[in-house]
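In the order they appear, the protein sequences are chains H and F.
Residue numbering for the first sequence is 1 to 216, as defined by UniProt numbering.
Residue numbering for the second sequence is 1 to 216, as defined by UniProt numbering.
Source of the hints: derived by calculation from the structure; they are not laboratory data.
Don't take each hint at face value.
The list treats identical chains as interchangeable, and a pair is accepted whether it falls inside one copy or across any two copies.
Straight-line distance between alpha carbons at most 35 Å, and here's what the computed DSBU-like set of lysine-lysine pairs gives [claimed, not checked]:
1) K46 / K135
2) K135 / K194
3) K120 / K8
4) K194 / K46
5) K8 / K46
6) K135 / K120
7) K8 / K135
8) K120 / K46
Protein chains: 2
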Amino acid sequence: MSMMWTVKVVGLGVVALSLSLELLGWLFCRRQPERTLHEVLFFPSKVACVEHIFTPASTHPCLCSLPHGVETSFSRFLRHLLSATSSLDLCVFAFSHMALSRAVLTLHSRGVAVRVIADKDYAAITGSQIGVLRKAGICVRCDVGSVCMHHKFAVVDGRLLITGSLNWTLTAVQSNMENVLVTEETELVQPFIKEFHRLWEFNDPARYLHSSDQKT
Amino acid sequence: MSMMWTVKVVGLGVVALSLSLELLGWLFCRRQPERTLHEVLFFPSKVACVEHIFTPASTHPCLCSLPHGVETSFSRFLRHLLSATSSLDLCVFAFSHMALSRAVLTLHSRGVAVRVIADKDYAAITGSQIGVLRKAGICVRCDVGSVCMHHKFAVVDGRLLITGSLNWTLTAVQSNMENVLVTEETELVQPFIKEFHRLWEFNDPARYLHSSDQKT
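Take the sequences, apply the hints, and build the full model.
Below, the structure written as C-alpha cells:
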C-alpha cells in the first residue's frame, strides 16, 4: 500500500512539475513578442506643447498658447528620441526642426554619444540645424559620395530604430502625410546599425582629404 | 497489485502527454519568429537586368547589355512587389520608374486588385507613371487634402509591408542613399493598412466633388 502511495505521489509530483514547466514555457513564449517594441506614427501631427517632455520635473506650468497634455505623433516621436541613454546615431537628409534640434542638443549635454550624418547640400541651406549641432560640439559628417543622402533614420542606444518618410522639418511634421516606424526588431535594427557604420567610415573627412590629396 | 499498475500506467501516460504538449508548445514558439519575414534593402542599387523576374518561364536568354543573374537591392524590391497574388495597395509620392510601373501593370493584368494613392502635384509632372496606370484601368486617387503626400509604401496581399525613404524613381533607385524595409510583422503592417484605408476614403473623388458642390 505504501509503495502504491509512493508511486501516486511521485507520479503526481512529476505531472505537477511537467505542467509547471509547460506553463512557464507558455508564459515565456507569450511574453516574447510583447518585449519587442513596434510602433507606427502617422503625420501630419496635431500641434501641442512638448515642453513637459523636455522638462518633466519642472514645477512651473508652461504658459504657452499651445494645447497642453495632449499626446501626438510628434510627442511620441520626441519621447522615443529622448529615451536615448548611451548613443544616438542619426542619418537624416533635411534637419531644420527646432524642437528636434533641441532634443539632439539635450542628449549631447546629457553625455549621450551623438553622431550625425547629413546631406551636404541640405546642410548648407538656411534654417538647417546641422551647423548648430556642429557648434555645440556634436560629431557631424556630411555625405560626399552620392547625388543625395535621402535617409531619415535614427538608432537609439543601438537598440531602437526610428525610420520612415519623415524629414526632420516643421513642414514634414505639421503639414505632410508621412510615416515613421519605431521598432526594436533586431532583424530590422541591425542592418541600419551596419549601414550607419559603413556610411560613417565612408564619409570620414580624413579619408576624403586623403583622396583629394592624391588627386592634386 | 493491478491497481498499482493502473496508477503507474495512468501516471506515466499523463506525464508523457504533458511532456509532448510542452515539446509541441516549445517547437511552436521557436518557429513563430522564423515565420515573420523581415528584410532591409539599401540603395543605390547595383544596375542589373531584371527581365528574368518579369518572365521567369522564358526560354530566350535576354540579350540586353546589363549584367545578368545578379541579385540586387532593386531586384529584391521587385520580387517582393511581384509576389502579390490578390491585392496591392500603393501610396507613393513620386512614381516615374519604368520597371516599377511595368510591375504594377503586370500585377493588374494578372487580376491583382491594385489601388494607388498619389501626390496630385507629382502626378502631373512629365515622366510620372500615374497617368499610364490610370489609362490601363487601375484605380488611382490623388491626394487632395495635404501640402504633400510624402508616403512611399506598398502593402502586398494585406500581409507584406514595403516602406522606406525610397521614392519610385530612377534617381532614387540608382543614385541616392535610400532604405526600404520589407516586413510581415503584423504590428507594423496593420497600421499601414488602416492608414491606407483612411486615405483612400478621404480622397474619394465623389466625396471631394460633393464638398465642392456644397461650397458653390
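Now the hints, each set against the structure:
For the homomeric pair K46 and K135, the shortest alpha-carbon distance inside one copy (31 Å) is at most 35 Å, but the shortest distance between copies (37 Å) is not. Taking identical chains as interchangeable, the C-alpha atoms of K135 and K194 lie at most 35 Å apart only when both belong to the same chain, with a minimum of 27 Å there against 42 Å between chains. Proximity of K120 to K8 under the C-alpha cut-off of 35 Å is found in neither arrangement, the shortest distances being 76 Å within a copy and 76 Å between copies. With identical chains, the CA atoms of K194 and K46 are at most 35 Å apart both within one copy (34 Å) and between copies (18 Å).
For a Cα distance limit of 35 Å, the shortest separation of K8 from K46 qualifies neither inside one copy, at 66 Å, nor across copies, at 67 Å. Taking identical chains as interchangeable, the C-alpha atoms of K135 and K120 lie at most 35 Å apart only when both belong to the same chain, with a minimum of 16 Å there against 40 Å between chains. Taking identical chains as interchangeable, the C-alpha atoms of K8 and K135 are never at most 35 Å apart, the minima being 76 Å within one chain and 78 Å between chains. Proximity of K120 to K46 under the C-alpha cut-off of 35 Å is found in both arrangements, the shortest distances being 31 Å within a copy and 23 Å between copies.
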